[in-house]
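Asker: Under numbering that gives the first Met the number 0, read the sequence shown as residues 0 to 413, first letter to last.
These aren't lab readings, by the way, just hints derived from the structure by calculation.
Hints may be right or wrong, so weigh each one.
Below, simulated EDC-like cross-link-like pairs (lysine to aspartate or glutamate); rule was C-alpha separation at most 16 Å, straight line [claimed, not checked]:
(1) K229 / D180
(2) K117 / D95
(3) K117 / D180
(4) K117 / E74
(5) K229 / D166
(6) K117 / E148
(7) K117 / D100
(8) K117 / E47
(9) K117 / D136
(10) K229 / D216
(11) K229 / D210
(12) K229 / E193
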Amino acid sequence: MRGNRGADARRTIADAVSAAGDGERVLLAPGVYHEHIVLGRSVVLVAEQGPGSVRLTGAQDVALTVTGGGAVRIEGLVLVGADADAPAVRLTGSADVLFDDCRIEGGRLDIADAARVKVTGGRISGARVAGVAVSGDARLSMTGCRVQEIEGAGLLLAGAAAVTVADSVITRTDVGLWVRDAATVQARGSHFAESARNALLAEDSSVVGLDGCRGSDSGADAVIVRGDAKLTLRSCVVERAGASGLAVSGRACANVLDGQIVAAGLSGVVAEDRARLDVVGGLIRSTGANGVFARGTARVTLDGVAVADTAFTAVHLDEHTHGELAAVVLGPTPEHGLCVAGAAEVLASGLLVRSAAMTGVHVGGSGSARLVGSAVHRSGIGLRVEDGADTEVEDCAFAHTERAGVEVGPGARP
């Protein structure tokens, strides 16, 4: 090991750091070093023979601790934890750290307090609890990284942490991205794949924004938003969820803009309790249950959305939900295009239902529906209003139905 002047080989990394001046570049010779390095001032550590040539293994558990006091840059090192349940790298206090083309194995990257961290081209694997844990008021930026083989969350955000993720892959985890407390995250162009449970779990009062991201092959609900969390998905794809594609509950809010939810094992989208769901543009297709299912007092807005090839009803509103549908296309479906049940209510304008085997629009229970400028084609029944339901129809068409264009129960209020 030597400093940037090529002098004084040292026996340990700790010796080389102690001998280096503030902010000096320390070149590390290839090899495996069993040390716990603690940095509290500016320094640059570089694997002299390139990425992967230097392995720093924690003497007990942690390989590297940075406590602040200056800017630290780590280039090309492999940092190995001795305990997968513990941190391999711990960044605390006011640490300011840049990792470039490093690998972290056998323990998590733990970022706390007011640390400021940037990771580019990183690889993190083999940890339990989390691959990356960010808490307190810490800030993290990740670009071009891969987090994999984690028995826990790929990324775990808590406290008031703020994180940005770009062009990264988080795969083979229990939960890809878990955001809680008042933490915030913005992700772009990233892939959350093969999670045993969820690609994304947002809860408490967290705020999450995903742009151009993909969530695929989750074992349960792909995306869960609950508590008072807020989620925005823009131009994202959610595919092959083991259960629902997106589940929103509590008082959470979810906005889905120009997205695709495809091949969910159960419903494409579920809204419960007092949740708010807004879907603008995009496609929900090939679901194992409903395309959209809402209950409780949830409020659902669908605008310019296509819902097709659902195993059950395309859009089912139940209990005391309120729905607004504009320029929505529903079907084909073996059941109803739109079902209003319980005491739910809906306003639909410009709705088109095609190939609903049972009913284009079914209004039951004590539900109410207002249909304006809408049409049902090639369905079993165009509109069916059950006893006790209330429906208003204006400038609508029901054509090419197998049984009836409009069927009204004896106690219905059409």
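Asker: Each hint should be assessed against the structure and marked as holding or not.
Answerer: Do the hints match the structure? See the list:
{"no.": "1", "hint": "K229 / D180", "verdict": "holds (12 Å)"}
{"no.": "2", "hint": "K117 / D95", "verdict": "holds (8 Å)"}
{"no.": "3", "hint": "K117 / D180", "verdict": "violated (22 Å)"}
{"no.": "4", "hint": "K117 / E74", "verdict": "holds (12 Å)"}
{"no.": "5", "hint": "K229 / D166", "verdict": "violated (22 Å)"}
{"no.": "6", "hint": "K117 / E148", "verdict": "violated (22 Å)"}
{"no.": "7", "hint": "K117 / D100", "verdict": "holds (11 Å)"}
{"no.": "8", "hint": "K117 / E47", "verdict": "violated (21 Å)"}
{"no.": "9", "hint": "K117 / D136", "verdict": "holds (15 Å)"}
{"no.": "10", "hint": "K229 / D216", "verdict": "violated (23 Å)"}
{"no.": "11", "hint": "K229 / D210", "verdict": "holds (14 Å)"}
{"no.": "12", "hint": "K229 / E193", "verdict": "violated (24 Å)"}
The structure does not agree with the numbered hints 3, 5, 6, 8, 10 and 12 stated previously, though it agrees with the rest.
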